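2 protein chains.
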Amino acid sequence: MSEYSVIGKRTPKIESVQQVTGHAEFVGDMVLPRMLFGKTLKSPHPHAKILNIDITIAQRMPGVKAVVTGKDGQGIKYGPFRSTRDRDLLAVDKVRFIGDEVAAVAAVDEDTAEEALDLIRVEYEPLPAIFDPEEAILEGAPRIHDFAKKNIAMDRFWDFGDVDKGFDEADHVRRDRFSSQMTTHGFLEPHACITKCDPTGKITIWANVQRPFLIRRDLALVLGVPLNSIRVIKPFVGSGFGGKNLLIGLYYSSVLLAMKTGRPVKMVYDLKESIVCTHRRVPVILDIKTGVKRNGTLVAQHSKAVVDGGAFNVMGPATLYNIGLAHVIPYRLPNFKLEAFQAFTNKIPNTPMRGHGQLQVHFAVECQLDMIAEDLGLDPADIRLKNALQTGDVTVNGLEIISSGLSEAIQNATGKAGWKKRRGNLDKYRGRGIGCSSFPTGARETSQSDSGAIIQLTEDGKVILLVGVADIGQGCNTVMAQITAEVLGITMDDITTIAADTDITPFDPGAFASRTTFYAGNAVKITAEDVRNQLAEVAAKMLEADPDDLEFKDKHIFVKGSPGQGVSFEKVTKAAQTSGRGRIIIGRGSYFPSNVVWPDRKTQVGNITGSYSFSTSIAEVDIDKNTGKINLLKVTMAHDGGQPINDLLLEGQMEGATSMAMGHALYEHLIIKDGKILNPSLRDYKMPTAMDNPEMDIIKVIIHDPEGPFGAKEVGEGFICCSLPAIVNAIHDATGVWIKDLPITSEKILEALKEKITKS
Amino acid sequence: MSEYSVIGKRTPKIESVQQVTGHAEFVGDMVLPRMLFGKTLKSPHPHAKILNIDITIAQRMPGVKAVVTGKDGQGIKYGPFRSTRDRDLLAVDKVRFIGDEVAAVAAVDEDTAEEALDLIRVEYEPLPAIFDPEEAILEGAPRIHDFAKKNIAMDRFWDFGDVDKGFDEADHVRRDRFSSQMTTHGFLEPHACITKCDPTGKITIWANVQRPFLIRRDLALVLGVPLNSIRVIKPFVGSGFGGKNLLIGLYYSSVLLAMKTGRPVKMVYDLKESIVCTHRRVPVILDIKTGVKRNGTLVAQHSKAVVDGGAFNVMGPATLYNIGLAHVIPYRLPNFKLEAFQAFTNKIPNTPMRGHGQLQVHFAVECQLDMIAEDLGLDPADIRLKNALQTGDVTVNGLEIISSGLSEAIQNATGKAGWKKRRGNLDKYRGRGIGCSSFPTGARETSQSDSGAIIQLTEDGKVILLVGVADIGQGCNTVMAQITAEVLGITMDDITTIAADTDITPFDPGAFASRTTFYAGNAVKITAEDVRNQLAEVAAKMLEADPDDLEFKDKHIFVKGSPGQGVSFEKVTKAAQTSGRGRIIIGRGSYFPSNVVWPDRKTQVGNITGSYSFSTSIAEVDIDKNTGKINLLKVTMAHDGGQPINDLLLEGQMEGATSMAMGHALYEHLIIKDGKILNPSLRDYKMPTAMDNPEMDIIKVIIHDPEGPFGAKEVGEGFICCSLPAIVNAIHDATGVWIKDLPITSEKILEALKEKITKS
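Going down the list, the protein sequences come from chains R and W. Okay, so the first sequence: first residue is 1 according to my numbering, each after it adds one. Okay, so the second sequence: first residue is 761 according to my numbering, each after it adds one.
Bound conformation, chain R alone (with noise of 0.2 Å):
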C-alpha cells in the first residue's frame, strides 16, 4: 500500500467538469469593452523584395480603425535569444517565407478586418528562392538575410573524450544518414490573444501561450520596455506541444494595433494560419557514425546535423544543443563528436515541439544501434542494457544522472511483451521492435527558471494556491494540487489553483521541457511544507504538542502515533488566523536543483537539469505486403519516472507521446512545394486518433529520484523519443527493410519491399 493519500493516484483534472460542460474560457471566447479584431495579411511569395505597401484605401473603408506595417515597427527586430533577433515584427524590405506577415488591420470586427486585407495593395519583386537546407549552405545560394553568408543560422561544435581514438578502439563501425520531416504541432485551439495597451504604458495580453512569464520577459527586452509594463494572462489553452512557447507575429501585431488604437485588440489565427504562418517542429538530416566493441560496447560517436530551419533562426542554439544531447543519453558514451548547422531556408521557421531536437536523434540513433546488433548477431535489448547509463553516471558533457531506471524499464518492459520468446517473423510480416530514451526533466533557461509558489489559508480551512505553471491542457494545476495536499493531509476540493498572471503568480518559465512536476512541484512542496511548519506551531500548542510530533493527515492534525488525539485543519487555521491571536498564514517558496551547472560557454560541460527520465518502448506491428499497410498492434510501454504523482496523467503523457510517435513514424508530414504548404489543415495533414491508437501496455518504473518532488521526474516527452524509433525497428523487423526517412509510408514500403526482392 502506498504512503500516500493523494499522490500516485488516478486523480481526474480539476478543471475536467468546467471543460467537458464547455464553461471553461478559451481567448476564443473572450470579450473585452471596445474590444477591436486584427487580422494579418501574408506573403504570397517564398522570398521577394518588398517595393511598396500601399494602405491607403484599406485604411479608409468603414469600421477599419488601424492598419500598421513593418514600418510601424520601428526597426525593433525580434527572436527568443538576444544572438537570434533576425526578425522585424512585421515584414519591413523582404518577405522570406509563404505565410511572412507584411500588414495588419484592426477593425470594428473579424469580417471587416478580413476585407480590409484585400484593400492593401503590396508591392513585390520575387526573389529566387532557397529550400533545401544542404543546397542553401552551398557557396552561391540565394542569400536570404544579408547578415548570414551561407546561410548558416547557427553552428555547433561538440567534441568529447577522444572520437578518433574511440573509432580506432571500435571493432566494428557503421555510418548512417537519417533525416526526418517537416510535422506540424496539431492542437486544436490555434494561437489567439487579445491586446489591451493603457495610458500608462502597461501592455496587457490574454493569450494561449505555454511561457506566460518567458513571453514577458522577450517582449519586454523586444520592447526594450521593464518587465511590469507587460502582463500576460493565461486562460485555458488548448494544448501546445512547443508550439505556443514562443512570441509570434499575431503578438506583435496585436500590440501595435492595440497601441495605435488604444483599445483592446483581439486576434485569432485559424488553424491554417497557425501551421502556415507561425512556426513548426524542425527536420533534421543527420550523418551518424557509430563505433562499438564486438559485445556491443559504444565506444564512438560522431554525427553531422543539418537542420532546416526556415527562415529565422528562433531556437537555433536550443535546438542544435538538444541534438548533441540526444547523442549522449540514454547510453555510455566516452567519446561524442558534433557538427551541427542551422541552414536558413525560405520556409516557415522552427520551434521547439515535443522531445524539440530531440525525437529526430533518437530515432537515428535507436535504428542504427539496431543495425549495429544485427550486424553483430547481438539481441537489440541486450546491447541496450548493455550500454545504457546508471544511477551515478555522469556523461561526457557533464550530465548527471542521479537515478536511472534504464536496465528495470528494458528488462520489465522485455518481460511483460515476450521479447525472448517471439521476436519477427519475416514470412508473416510481423515484427517487434524496441527504443530506448532519457529526457531531461526540465531545462535551464537563460535567466532566472526557478519556479515560485505562494499558499494562501481561508479561515475554514481551504488552501488558495498561487503558482505560475502554465496548465495547457496537460494537468499540471491538479499536480500542483495533489502535491498541496498530500503536504497538508487534505483533498483535493479543499484547494483553489490559481494560474497563471505574471502580475499575480510567482515567476514560473513555464510548459516545456519535461519540467513542471520537477520543478513547479518542488516550489509547492517547499511552499505547503512552510504552510505546514506554521500550522504544526499553533497545533502543537492546542495539542500540548511537540510541533514535529505532528502528522498532517485526512483533514486533521494528530500527534504521531496517536490517531485520536488530533484537531481538525479547519479549526487549526481559524486559531491560526482569527485577529489578535494570530496572524494571516502565507506559504512561500521556490525550486532550483542545486546540481544545475550551465554548461560552460567554452567546454560545453554542465548538467542542465536536476535529473532525467528513461523509458524502453517495444512495438508490435503487421504489414500488408500487398498494399504496404503498416499496422500498428501494440506498444509496450516503460518508464522510470520516478514517483508518479498522478496515474491518470503520466498514462496519458505516455499514450499520448506513443500516439504521436506513431504518426510521426508512419503518417505525419506537413508537405511543402516551391515552399508553399500543400496541406495546412487537419484534414489534409494526417495525425492519428483515439481510434488509431494500438493497444497500449504500460509499466511504470519507480524509483525514487532523490532531487524530484516525492521522487518524481519527466513524463511527457521521453516516450515519443522512445516510441517512435520502436516502431521503425518493429517495421524493419517484420520487412527486413530499412527506411531512414520519415515518415514511413505504405509507398515507401512497397518500394522497398520491391527492391529487396529485385535484389534478393
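Possibly wrong hints are sitting among the right ones.
[What the hints assert, rightly or not] Computed from the model, here is a short list of chain R residues facing chain W with C-beta under 10 Å:
id, residue
1, Arg231
2, Leu457
3, Ile464
Derived from the structure by calculation, the hints contain no laboratory data. Here the structure is a predicted model, which means the values were calculated and not measured. For every residue, glycine included, the Cβ atom is placed at its ideal position computed from N, Cα and C.
We have chain R already, so just place chain W on it with the hints.
Leaving out everything else, chain W in the frame of chain R:
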C-alpha cells in the same frame, strides 16, 4: 526637511491617468461570454402580504432565460451578523418597504429583462405600515417581523462609572433632544455585479464592493458553502461611503439567476434603484443629558437613542455600538450611560455611511457642549480644551488613546482662524462655530480582521504588491505603493499594485471604519521590510558589508554613511533571483494591532482598534436674514491623523468630509412620505458639488502615532463628525437660534428667527 522620500508627499493616485482617460473598467463596462442581464421587481407597498406571484407569462417572453422569486431562496435569510439574518433573498411572505424586491429576471439584454418585469403578476394584501421609530416601538404598533415584539430590532445598554453620582456632583445639567435625517451615500456609480456560477459550484462575482473578503464571508455563511466556493473580484469602484459595504438584494438575485441559467448574469442598478432599494444612513433621535462642573469639566452623560432602522436589522449591533462609542471620545467622560434601541419601520433599511452612528452623536454632543458653554459663560474652544482626551488616557469603556493631538488641533485651529479675535456678530448674522471629534482608526471584525500583503519582485527590480485592500476611489492602492516604495527606497513607477480579488490577494477586511492605511498600511510595511531584509542579505555580500548597515534609497542599496558605495536595486534583485545563485524573493506579512481587545460581552469594556484620530473644525457662516440662506464661508480644519502618508489624499479626505458635513448640515435629506422616497435622484436630492465648497484651510497636526505605519492614523470619517457640528454651532453663533433637527434648511432658519423675534 522630511526624513522620507515618498511618505508625506502630494502623490497623485496611481490610477489617475486610467481614470481620466476613460480606461478604468467598472463593472458596468465589463462583458463576459454568454452574459445575461438581470433586473428586479420591487414592492410598491410599504407593508403588504404577498398572496401570489405569477411568473408564467414573464417566463414565456422571448429572450427571458429565468425568473426567480422568494421561493428560489429556499428559506435562506441574510444579514451581516448571525443575529441579524432577518431578510429573505427575495421577499417571500411579505414586503416590508417600498423597494423591497420580490422577483428577478434574467434575459438576453437589459430592455428585455426590464419589460419582463411588467409581466410578473404579484397579488398583494396591503397591511398597516409604521414609519415613526418612536411609535413603532410602542405597544399596539403594526408588527413588521413576527419575531420582533414592539418592533425592536436591537437594543444596547451601557453603564460605565456611576452616572447618578456623576450628575449629583455636577454643577450644571442640560437635557436636549437632537434628531438627524435620512441621507443617501450619493456615490456616482450605482451598485453593480456580474455573477457566474460554474458547474463545480464555484460562484464568481465581479462587484463594486468595499469589502470583497467580507462579502465572500457573508455570502458563504448565508449560502452555507466553504469560503473557497466564492470568489469576489473588485474592479474599479466609483466610491461607496459605506453604501457598498454589505450584501444587498442585487447580489443574491444575480446568484439565483446565474445558478438557474448556468450563464453569467450582469445586474446594474440605476441610481434610483441604488437609492430606494438598498440602504441609507440611519436617522437617530438622541435625548442627551449632560452634567458638568462649573469650570466645564464633563462629569456625566446619559443618552437615550432611538434609531430608525428601517425594515431590517442589518448593522444594528454595530450601529448601536457606534452610538455609544461616539459619546466617550473625543473627551474625558468618567460616567456614561446609554439606552439605545433600533426600531423596525417600513422604510429602506440602514447601513454604514461615513461616520456611521457617530456623526449623529457628535452632532448632538458638540452642539450641546456649545449650549453648556453658553450657559456657563465659557469659550466653546476652552471647554473643549479642558476635556480633551490626552495621550495615555483610557476611556471608561477601555478605549486606549495611545496618541492624541486634540489639544494641538484645537489650539492650532483657533489660532489660525483668529478665534479669539473675532467671534459671531449677531447684527450681521455672521458667526463661527467649533466642533471636535475623534474617530477610531478601524474596527475589529467579529472574525478575521488582519490585513495581509504579499510582495513579489521581477528580475529587473520591479515590485508587485498583492493586497486585499479595496480602493474605491479613496486612493489606498497609491498609499500602499507609497509605503512599499519608502521601505524599499524605490519610486512609485517601480510598483504594480494588485487589489482586490479574494482568490488572489491576501485577506483584508476591506475599506470601512477608516481602517485601510493603518491596518493594511502596516501589513504592507511589514511585508516590504521582509523583502528588504532578504535583499539586504544579498546586497551585503555584494558590498561586503553588514546587512544591518545598509540603506535603501534612490533605487540603490548603500552602505549607511557611504552614499558612493552602493549597488542598484535592480542588480540586487537580479543577483538574488538568478537561478542557481538565489531564489525567488517573496515578501509576506500581516498586521493586527496588538492592543485591540474585543469588548467584553458583559462589561462592554474593550479597545476596538489600535489608535484614534482627533479633529477640530472651525466654521464661519453668513446668513441672509431675509431668505434664511446660509453661506458657509470658510472652514478651518486641524487634524491629528498622525504622520500623513499622502498629503494630497489626506487633504482630499478632509475636504470631502467637510463638504459632506455641509450637505448633511444644510440640505441633504431623503424625503419620505407614506414610505415612499420622494427625491430618489441626484437632481432632487441635493448634494454639495465642488462649486458649493467653502474656503477650506487645512492644518496638519503631525504627531507620530506609535502604532500606525510611519506614525499614520485615520483620515476620512473623522472630519464629517466635527465639521457638521461646527457648522451648526456657527449658525447659532450667527443667529442666536438652535436648530436641533437636521438638516438646517433656510425654512427652518426663517421660522426660528421669526419665533425668536416673536419671543423677544
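The hints, checked one at a time:
1. Arg231: Since chain W brings a Cβ to about 8 Å from R:Arg231, closer than 10 Å, the hint holds.
2. Leu457: Interface hint status for R:Leu457: holds (9 Å vs cutoff 10 Å).
3. Ile464: holds (6 Å)
Going down the numbered hints, you'll see the structure goes against none, and every one checks out.
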